[in-house]
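Residues per chain, in single letters:
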Amino acid sequence: MSEQAVALNSGSSSHGVGTASTRGKWFVRLLFAPTLVFLILMVIFPLFYSLGLTLTDYTLGGGSSPRFIGLRNYVELVRSGDLLNSSVVTLEFTIAAVAIEMVLGILIAYALNQRLPGVGIIRVLVVLPMMIAPLVVGYFWRFLLDQTFGLVNWSLSAIGLQPVAWLVVPRNAMAAIVLVDVWQWTPFVVLLTLAALGTVPDDLKEAATLDRASAWMKFRHIYWPYMRFPVLFAFLFRTIDSLKMFDLAYALTGGGPGDLTTTISLLAYRYTFLFFKIGKASAIAWVLVIVISIIVNILLQVLMPAAKPEEQVVSTGL
Amino acid sequence: MATIDLEHLTLYYGRVLAVDDVSLCIADRELCVLLGPTGCGKTSTMRMIAGLETPSTGKVYLDGEVINHLYPGDRDVAMVFQDYALYPHMTVKQHFAFPLQAHKVTKAELEQRVGEVADFLQLSDLLDRYPSELSVGQQQRVAMGRALIRRPKAFLMDEPLGQLDGRTRAEMRASLKRLQQELGTTTIYVTHDQVEAQSLGDKIVVMKTGLIQQVGTPEEIYNDPANLFVAGFIGTPSMNFLECPLHVDGKVGLKNHRFEVALGPSLTQKVKDTPAERPLILGIRPEHIRLSPQDESGDLPAEVYVVESHGNEYVVNLNLGGDVIKVRRDRKKLGFRPEVGQTVWVRFLQDKIHLFDKETGARLV
Amino acid sequence: MIADLWSKARQSLLFLSMVIIGLVFAFPLVWIAMSSFKTRVQNFALPPLVIFQPTLENYTGLFQLQNPAFMADYRNSFVIAVGSTVISLVMGCLTAYGFSRHEIKMGGCLFGWILSLRFFPVVAMVIPIYVLFRGLKLLDNHAALIAVYCIFNISFTIWFLKGFFDEIPKSLEEAARLDGYSPFQVFYRVCLPLVRPGIITAAIFCLIQSINEFLLAMSLTARVAETAPVALAKLQTAVGPDWGKMCAVSSLLIVPILIFTILVRNQLIRGMSFGKLK
Numbered sequence: 001m002s003e004q005a006v007a008l009n010s011g012s013s014s015h016g017v018g019t020a021s022t023r024g025k026w027f028v029r030l031l032f033a034p035t036l037v038f039l040i041l042m043v044i045f046p047l048f049y050s051l052g053l054t055l056t057d058y059t060l061g062g063g064s065s066p067r068f069i070g071l072r073n074y075v076e077l078v079r080s081g082d083l084l085n086s087s088v089v090t091l092e093f094t095i096a097a098v099a100i101e102m103v104l105g106i107l108i109a110y111a112l113n114q115r116l117p118g119v120g121i122i123r124v125l126v127v128l129p130m131m132i133a134p135l136v137v138g139y140f141w142r143f144l145l146d147q148t149f150g151l152v153n154w155s156l157s158a159i160g161l162q163p164v165a166w167l168v169v170p171r172n173a174m175a176a177i178v179l180v181d182v183w184q185w186t187p188f189v190v191l192l193t194l195a196a197l198g199t200v201p202d203d204l205k206e207a208a209t210l211d212r213a214s215a216w217m218k219f220r221h222i223y224w225p226y227m228r229f230p231v232l233f234a235f236l237f238r239t240i241d242s243l244k245m246f247d248l249a250y251a252l253t254g255g256g257p258g259d260l261t262t263t264i265s266l267l268a269y270r271y272t273f274l275f276f277k278i279g280k281a282s283a284i285a286w287v288l289v290i291v292i293s294i295i296v297n298i299l300l301q302v303l304m305p306a307a308k309p310e311e312q313v314v315s316t317g318l
Numbered sequence: 001m002a003t004i005d006l007e008h009l010t011l012y013y014g015r016v017l018a019v020d021d022v023s024l025c026i027a028d029r030e031l032c033v034l035l036g037p038t039g040c041g042k043t044s045t046m047r048m049i050a051g052l053e054t055p056s057t058g059k060v061y062l063d064g065e066v067i068n069h070l071y072p073g074d075r076d077v078a079m080v081f082q083d084y085a086l087y088p089h090m091t092v093k094q095h096f097a098f099p100l101q102a103h104k105v106t107k108a109e110l111e112q113r114v115g116e117v118a119d120f121l122q123l124s125d126l127l128d129r130y131p132s133e134l135s136v137g138q139q140q141r142v143a144m145g146r147a148l149i150r151r152p153k154a155f156l157m158d159e160p161l162g163q164l165d166g167r168t169r170a171e172m173r174a175s176l177k178r179l180q181q182e183l184g185t186t187t188i189y190v191t192h193d194q195v196e197a198q199s200l201g202d203k204i205v206v207m208k209t210g211l212i213q214q215v216g217t218p219e220e221i222y223n224d225p226a227n228l229f230v231a232g233f234i235g236t237p238s239m240n241f242l243e244c245p246l247h248v249d250g251k252v253g254l255k256n257h258r259f260e261v262a263l264g265p266s267l268t269q270k271v272k273d274t275p276a277e278r279p280l281i282l283g284i285r286p287e288h289i290r291l292s293p294q295d296e297s298g299d300l301p302a303e304v305y306v307v308e309s310h311g312n313e314y315v316v317n318l319n320l321g322g323d324v325i326k327v328r329r330d331r332k333k334l335g336f337r338p339e340v341g342q343t344v345w346v347r348f349l350q351d352k353i354h355l356f357d358k359e360t361g362a363r364l365v
Numbered sequence: 001m002i003a004d005l006w007s008k009a010r011q012s013l014l015f016l017s018m019v020i021i022g023l024v025f026a027f028p029l030v031w032i033a034m035s036s037f038k039t040r041v042q043n044f045a046l047p048p049l050v051i052f053q054p055t056l057e058n059y060t061g062l063f064q065l066q067n068p069a070f071m072a073d074y075r076n077s078f079v080i081a082v083g084s085t086v087i088s089l090v091m092g093c094l095t096a097y098g099f100s101r102h103e104i105k106m107g108g109c110l111f112g113w114i115l116s117l118r119f120f121p122v123v124a125m126v127i128p129i130y131v132l133f134r135g136l137k138l139l140d141n142h143a144a145l146i147a148v149y150c151i152f153n154i155s156f157t158i159w160f161l162k163g164f165f166d167e168i169p170k171s172l173e174e175a176a177r178l179d180g181y182s183p184f185q186v187f188y189r190v191c192l193p194l195v196r197p198g199i200i201t202a203a204i205f206c207l208i209q210s211i212n213e214f215l216l217a218m219s220l221t222a223r224v225a226e227t228a229p230v231a232l233a234k235l236q237t238a239v240g241p242d243w244g245k246m247c248a249v250s251s252l253l254i255v256p257i258l259i260f261t262i263l264v265r266n267q268l269i270r271g272m273s274f275g276k277l278k
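Chains as they are written, first to last, in the working numbering: chain A, 1 to 318; chain B, 1 to 365; chain C, 1 to 278.
So here's chain A without its partners, still in its complex pose (with noise of 0.2 Å):
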C-alpha cells in the first residue's frame, strides 16, 4: 500500500496552507529581523563610526576637513593628564560608593527582613530614591547641601556639629557625591537582598534556631548560599553604574571644584560640547567602553565562574 500512496502523492503537496517549514521561517526572521536591523543601524554602525574618529583630529566648526592622525590623540590624552585624573576620580569614587553601598545595603536588608508592622510602607519608600532621575537627585541634594542655607548643614551644627563646606572644598566635594550615590543607590541593593532573603526556607531559620548557632554562623551558612548570587549581582551592577557616572556629578558639582569630581564620562562630554575636540572625546569614550569591558568580564569570571554564555557580557559585537 505504501509504494502505491507514495505514487500518488509525489505532486499533491499544495493545499494552499503552506508546509510548516516556510511558515515558520517567515514568522521567525520577523522576529528577530526588526531587532536586528534597528540595533546594527543604531549602535554598531555609530559605535564603529567613533573608533574611526578617535584616529582624526575632527573638530566640530573647526572649518577644515577631518586629517586622519593616527593614535596621537590617545598619545596626547595620556600626556595631559586629563584622563589620568579622570580615571582617578572615577576610581576612587566607584571604590567608595559600592564598598558602602554593599555593606550598608546588606546591613538594612537584614534590618528590614523582620515581620514587623509597617514594614511594607517602609520597603516601598526605600524603594523611592532609584527610581528619581540621577539629575534630579544631584540637584535637590546641591540645595540640601547648601553652605549656608542647606539642612544638612542646619542640623549637623543643631546637634552640635561643625557644618562642612561641601561642594567647595575638594575633598568634600567627592564625599558629598558619594554621599548622594549611597542615598540613591543603597536601595538597589536592599531591594535585591532583601528578594534573595525571602527565598530562606522558613524550616532552615528555624532549624538554626533549635540548634542554637551564633548569628554569624546562621548568616555564613544559611542566608550567605542564598544570597551569594544577588549580591554578587548588585555588586557588578553598582560597580559598572558608578564607573559610567555621569548625571549625578554634572548636577552636583559640575566636575569641580576645578575638575576633582570630573569623571570619565564628564571628561568625554565636556572635550565634545565644551571643546569640540571630537577626536579626543571619542577616543576618552572609548577608554572607558574598553575599561569597562574588561573589567565586566574579570568580574564575571571570578564571580560566577559557572556563567553561562548569556551572562558574559559580550561587549559592542566585538
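Hints are computed from structural coordinates only; laboratory data are not their basis.
DEER-style ranges, computed between Cβ atoms: (1) B:211 with C:103: 26 to 34 Å; (2) C:255 with B:151: 54 to 62 Å; (3) A:219 with B:167: 44 to 52 Å; (4) C:224 with A:104: 39 to 47 Å.
Not everything, but these chain C residues come out facing chain B in the computed CB check (under 8 Å): (5) 169; (6) 175; (7) 178; (8) 179; (9) 190.
Pairs of lysine-lysine, DSS-like flavour, derived with a Cα cap of 27 Å: (10) B:208 with B:326; (11) B:326 with B:352; (12) A:277 with C:137; (13) C:170 with A:25; (14) B:104 with C:170; (15) A:218 with A:205; (16) B:59 with B:203; (17) C:170 with B:153; (18) B:153 with B:104; (19) B:153 with B:177; (20) B:352 with B:270; (21) B:104 with A:25; (22) B:326 with B:358; (23) B:107 with B:153; (24) A:218 with C:8; (25) B:358 with B:208; (26) B:332 with B:352; (27) C:170 with C:105; (28) B:177 with B:93; (29) A:205 with C:8; (30) B:59 with C:170; (31) C:137 with C:234; (32) B:358 with B:270; (33) B:208 with C:170; (34) B:177 with B:208; (35) C:234 with A:277; (36) B:208 with B:352; (37) B:352 with B:333; (38) B:107 with B:93; (39) B:153 with B:93; (40) C:170 with B:93.
Think of the CB as a built atom: it goes at the ideal place given N, C-alpha and C, for glycine as much as any other residue.
Since chain A is already given, all that's left is putting chains B and C on it; use the hints.
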C-alpha cells in the same frame, strides 16, 4: 476513513535514538494503544503523527497520503495533552470555540457545536469558568472537549487519565471506550499503565527503548507474549519467572539446583529442537499455578511466605527453593487457607507454561 | 521572662531602626516637596522653616517660563517616553519571544550582547550619534530622540520579557498549532495575553527610564524636542539659587515616577532578581 500508517519512523534527539524503525498500520475506527515504560518512544511516535516532531527518517501516512510535510494544524488530528494544555486566559467556552475559530465556522454553528460538546461532557454550567477555577477532573474534560469539537480524522491521547485519582480514572476509562466506539474515530492512545491498555485497546503496541516489542489484541498480548519483556510487563500480579536450563534425563524437564519440573508430552514435543542444558526462563502466570496442602505426585514443595487477601482472592507468595513466586487463586477454589510457614505443594498447568530463551528473551513455547 | 523582655527590646530596636531608615530615604523628598511651596525668601530662612505659609508662585511661574519653556518640555518628556516605550515593547516582545522559543546560531552570544547594552556608557553613544545626526540635520526632533531611547528600552524589554515567555508551557503552543493556528497567531492569541503582566511592568520601567534620561536629551535636543530634565539643568543656570523653582521642577519630575513606582513595586523585586532565576 482514517487509517494511519507509519513507515520506518526513526527519531533522534541529538544523539539519542528515541524511536527506532517503527512501522505500524492502524485501521480505521481502531483504538490503538501505545504501551510501554517511560522513555520507550511511545509519546515521541505520537508526536510525530501530530507533526510536533519531525521524523529523522520515515513517513507518516493519513488515509494513504503522506503528511510528513504538513503543518500540525493542517493534518486534521486532535490531541489531548498529558498536562491538558489549557489556556489560563480563556474560559471553558473560549477553549471550545478556539479550534473552530481557526477554521472559519459560522457563528450559529459555533454556538451549536459548543453547546453540544458542553452538554455531552457535563460542562454546560462551567462555560464561563477559567481553568484555574476547575477541578482536575473538569479540566480533563475540557481538554477532551477541545479535541472532540473539531471532529478530526483521528484522536491522539497522551496519558489523558494520568492525573486523575483511581476511581475517576476507572470511570473515565469506560466512558472513553464507549465514546470512541460511538464516534468511530480512529484513536491513538499512549499510556504506561497496562491495565488501562488492556481495557481500552482494540490493538496494543508494546514498546521499549524505541522499538516495537509486540503488536496484538489484548488477548494475544496476554496469552502469547512475544518475549520476556512483554510477558513481564502485562498482567497483575506479573508473570513469575524461574531460571532453569533444559535437562534431558530420560524425561525432558527443567532442572536447576533447587527444583525440577517435568515437561509433559506436548511441551516435550515443542522443545525437541532445543539443545540440552540451554539456559531458559520458565514463565507462568500466577493464576495458572495450582496449590494443595498435600503432596500430589509430581508437585513441588514450597513454603508460604506472605498471604495477601484481595477481595475474594488470595495472592500467596511462596518461597520455592529460594525464588519467590506468586500464586493467585479464588478463595473457594483453593479450598484451604494457607498459613505463613506452611509447606504447600505447587503444580504448574502444563499448557500455560511459557519458555523463554534466557539470552534473547524471545519466546520458544 | 528575661527572654521575653530581651525579645521585646530587640523588636523595638528593630522597629526604631526601620523607621529611621524609612525617614532617611523618604525625608529628602518630603523636604523638596515642601520647599517647592516656599517663597524665595522662605527658602533662605534659618533655621529652615517647617511651619510656613505655602504659596503656589513657584508652580505658576513655571507655566509662564519661556526660557526654558518648561511646560512644553514637560510635555515632550511624556511624548517621547510613550513613543519610545510603545515601539520598544512591540519589537521587544517579538524578539524576546524569538529568544525564548527558537534556537538560533550564536543565540546565546547575541542575547548576551543585547543585555550588555545596559552596561554601555551613554557618553560613548552620544558622541557619534551627535555628529551623525548633526550631519543629517536630525538634531532637535522628537523622532530622533525616540529612536535613540529605543536602543536602551529594547535591550531592557528583551531581557525582561524573555523570562516571562520562558514560563509558558510549550504544550499550550502545541495545542494551538494543532488547532490550526499559524505560528504568528499562536504568538498573538496565546502567548501575548499570557505575558501581559510582564508587558505592563516593562512598559512602566521603560517610561521611567525615558523620562529620567538626561545626557542624550541634552546633547541631541535644543528647543523643539527638549525634555524636562534638560529644562531643569537650564533652569539651574538661569535662575541661580532660586531653590523654590528648582524644587518645584524637581517635584514635578518626581511625582509621576513615584506613581509609576508604586504601581510596580511588587514587580520591581521580581524584575531585578531575574538574573538569578536560572
